[in-house]
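Number of protein chains: 2
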Amino acid sequence: MPRILISDGMADEAIRELEGFGHEVVEKHYSQDELLTGVLNNYDAIVVRSATKLNEKVLSTIDVDNGIKFIGRAGVGVDNIDIKEATKKKIIVCNTPQSSTQSVVELTIGHLISSTRHIVKGDRKLRENIWAKKELRGTELAGKNLGLIGFGRIAQGVSKVASAIGMRVHCFDPFLNKEIANANNCIIHTNVDDVFKNCTHISIHCNLNEHTYHLVNEERINMMPVYGNDGNKCGRHIVNCARGGIVDEDAIYNALKNGDLSSAALDVYEKEPLEKSKLLELEDFHGSPHIGASTIEAQNRIGNEMVVLLKDFFDGKRPHSALN
Amino acid sequence: MPRILISDGMADEAIRELEGFGHEVVEKHYSQDELLTGVLNNYDAIVVRSATKLNEKVLSTIDVDNGIKFIGRAGVGVDNIDIKEATKKKIIVCNTPQSSTQSVVELTIGHLISSTRHIVKGDRKLRENIWAKKELRGTELAGKNLGLIGFGRIAQGVSKVASAIGMRVHCFDPFLNKEIANANNCIIHTNVDDVFKNCTHISIHCNLNEHTYHLVNEERINMMPVYGNDGNKCGRHIVNCARGGIVDEDAIYNALKNGDLSSAALDVYEKEPLEKSKLLELEDFHGSPHIGASTIEAQNRIGNEMVVLLKDFFDGKRPHSALN
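Here the protein sequences come in this chain order: A and B. In this text, residue positions in the first sequence follow the working numbering: the first is 20, and each later residue adds one. In this text, residue positions in the second sequence follow the working numbering: the first is 20, and each later residue adds one.
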């Protein structure tokens with residue numbers, strides 16, 4: 020009977036379904052120190068979110084014959100899994116890339132509007148009994164250029180909603196599907212800098228890797244125009260609901276502090292949980308605690324997709340989202 | 020030389036333009052007590068936003084021959100102007116109905132997503148050094164029914180964006196243009212109750228009058244389903260960026276308190292500025308201080324439209340948005 024470890028939680032319904040297939044499901048979170056003792060050799064498969072780090076050290080403890088043979092990432096980003104080491108140990112790695120798309124799209128649009136219309140600050144002031152109507156004059160998104168760094172499923176969803184709002188969408192993606200970009204009526208750029216040079220609003224939708232680390236930096240922020248396409252001085256706005264580290268948080272802090280940046284909304288951080296960040300001292304910083312996929316719908320879809328991946332794997336088939 | 024009083028502010032560019040026409044423009048806010056002393060007889064026209072109340076008592080002080088002959092409302096709602104009394108005094112009343120449409124559309128969508136994804140609460144918790152990722156599980160808008168009360172320009176704009184997000188839009192408007200509703204692919208209802216019975220998310224886009232006062236009440240909140248069209252338990256959500264008084268704030272407080280309502284986002288209140296409201300004690304209340312039209316773009320458009328209205332009036336033409 021296959022033993023499956025659910026390390027960072029999963030939707031109840033999916034767990035019941037796996038048990039219905041006769042699998043033994045253990046819901047338990049091991050610390051990084053515990054993982055190094057070789058506990059994963061007691062399981063056939065593990066399902067993680069982002070909290071459990073399956074790095075080279077942890078995976079090196081795996082016994083190729085008796086340890087886990089399947090790593091399921093309940094979510095998209097696999098930067099917490101050393102896929103190279105997993106391959107060495109003959110462990111297959113799968114993620115659930117489509118399940119959280121809609122949730123991240125909606126959070127991105129929410130952060131864009133919250134930032135430009137001071138929704139968070141407005142509520143904060145009201146709770147301080149300050150009717151800050153005059154100081155909360157914002158700007159419209161309509162008539163402005165939105166730059167999307169990366170143009171996968173999430174960016175395509177953001178593009179559709181932003182277009183309905185009346186924004187003009189620009190994009191850069193080294194792996195761009197031009198047909199999709201054209202169908203979305205996007206202006207395609209061939210390098211990152213040109214997106215920044217054209218857009219007052221930038222949203223990040225790429226993976227974290229050595230090419231994208233600190234992609235949003237002081238130099239690029241200062242390339243952005245402060246006047247919108249419609250001639251209104253809307254300032255510069257950055258949203259990151261992708262991965263921490265793509266945005267240089269020190270550069271964001273300095274740019275907000277000296278007025279080069281009008282707002283920054285971050286859902287993800289270089290070090291999570293975010294603790295005592297100096298960003299939290301600034302009025303025009305908007306933070307959320309990595310909740311891009313934190314919806315009932317996304318978690319249910321992730322659970323359903325993971326059940327299919329595990330079923331296929333234990334049935335001897337190659338799971339549809341295998342990454343190695 | 021016509022003398023124009025700008026009572027609650029107007030975009031600088033518009034004021035310069037009026038002066039360019041040779042008008043004398045006075046920027047001054049009189050208290051309600053001062054207005055009762057007949058100061059408006061020193062002007063030919065007045066431009067107000069919502070702060071100045073031109074009620075029956077104030078307008079009764081106007082001398083038909085020497086007092087103001089034009090009231091311009093820089094904005095949409097004219098509930099602060101007694102149009103009947105103005106007509107008696109032969110004063111023409113105009114508003115700028117289209118200038119703030121886009122700004123209110125964007126704020127409404129922003130509040131909808133902020134509410135369902137806990138954007139405000141997430142930022143608040145981060146500033147308290149609490150990484151509240153787990154308690155901030157939200158729900159998607161996609162797959163849910165959005166009910167719009169009123170289907171004028173703003174609701175049509177909200178409908179377009181909400182459809183792009185993946186919501187199914189329902190509406191009720193006693194003056195409904197069916198062609199427009201059909202073109203927006205809206206489900207048309209013939210009474211208010213049916214919208215509440217079908218929708219987990221409701222947004223208000225009607226005027227305040229004797230028919231719409233406390234239209235959102237305890238009974239109607241409890242008519243709303245708590246499960247979305249997609250089968251997910253998303254709870255009930257109310258947004259009001261239209262006018263205070265349409266929503267019964269006590270009913271909202273009680274429903275949030277006892278869990279009948281999952282979130283309420285209000286930009287407008289029965290009494291403004293909002294002071295020491297018990298709503299502010301609740302985590303799932305989201306407030307903004309009447310900033311629907313508070314954008315650079317809306318204020319510029321309002322100013323430009325007011326210049327045209329005043330120019331036409333003083334040229335002896337009937338202004339295009341005359342309400343009496």
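Since the hints were derived computationally from the structure, they do not count as laboratory data. One should not assume that every hint holds.
Each pair may be met inside one copy or between any two copies, as identical chains are not told apart.
With a straight-line Cα cutoff of 30 angstroms, these simulated DSBU-like cross-link-like pairs (lysine-lysine) come out [what the hints assert, rightly or not]:
1. 88 x 153
2. 179 x 76
3. 152 x 290
4. 103 x 76
5. 47 x 153
6. 144 x 47
7. 153 x 290
8. 336 x 216
9. 297 x 216
10. 72 x 153
11. 216 x 108
12. 47 x 152
13. 72 x 276
14. 153 x 297
15. 47 x 103
Note that the coordinates shown come from a computational prediction; the quantities given were computed from them, not determined experimentally.
Consistency of the hints with the structure:
For the homomeric pair residue 88 and residue 153, the shortest alpha-carbon distance between copies (29 angstroms) is at most 30 angstroms, but the shortest distance inside one copy (60 angstroms) is not. In the homo-oligomer, the alpha carbons of residue 179 and residue 76 never lie at most 30 angstroms apart, since the shortest distance is 42 angstroms inside one protomer and 51 angstroms across protomers. For a Cα distance limit of 30 angstroms, the shortest separation of residue 152 from residue 290 across copies, 14 angstroms, qualifies, whereas the shortest one inside one copy, 35 angstroms, does not. In the homo-oligomer, the alpha carbons of residue 103 and residue 76 lie at most 30 angstroms apart inside one protomer (12 angstroms), although the nearest pairing across protomers, at 80 angstroms, exceeds that limit.
With identical chains, the CA atoms of residue 47 and residue 153 are at most 30 angstroms apart between copies only, with a shortest distance of 16 angstroms across copies and 51 angstroms within one. Taking the shortest alpha-carbon separations for residue 144 and residue 47, only the inter-copy value of 27 angstroms comes in at or below 30 angstroms, while the best intra-copy value is 41 angstroms. Proximity of residue 153 and residue 290 under a CA criterion of 30 angstroms is satisfied inter-copy only: 17 angstroms between copies versus 36 angstroms inside one chain copy. With identical chains, the CA atoms of residue 336 and residue 216 are never at most 30 angstroms apart, being 47 angstroms at best within one copy and 46 angstroms at best between copies.
With identical chains, the CA atoms of residue 297 and residue 216 are at most 30 angstroms apart within one copy only, with a shortest distance of 28 angstroms there and 46 angstroms across copies. Proximity of residue 72 and residue 153 under a CA criterion of 30 angstroms is satisfied inter-copy only: 19 angstroms between copies versus 47 angstroms inside one chain copy. Taking the shortest Cα distances, residue 216 and residue 108 never come within 30 angstroms of each other, neither inside one copy (45 angstroms) nor across copies (56 angstroms). Within a single copy, residue 47 and residue 152 get their C-alpha atoms only as close as 49 angstroms, which misses the 30 angstroms cut-off; across copies the closest is 18 angstroms, which meets it.
When the C-alpha separation of residue 72 and residue 276 is checked against a cutoff of 30 angstroms, the pair qualifies neither within a copy, at 34 angstroms, nor between copies, at 40 angstroms. Within a single copy, residue 153 and residue 297 get their C-alpha atoms as close as 27 angstroms, and across copies as close as 23 angstroms, so both meet the 30 angstroms cut-off. Taking CA atoms no more than 30 angstroms apart as the test, residue 47 paired with residue 103 passes inside one copy only; the shortest distance there is 25 angstroms, against 71 angstroms between copies.
Comparing the model with each earlier hint shows violations of hints 2, 8, 11 and 13; every other hint is respected.
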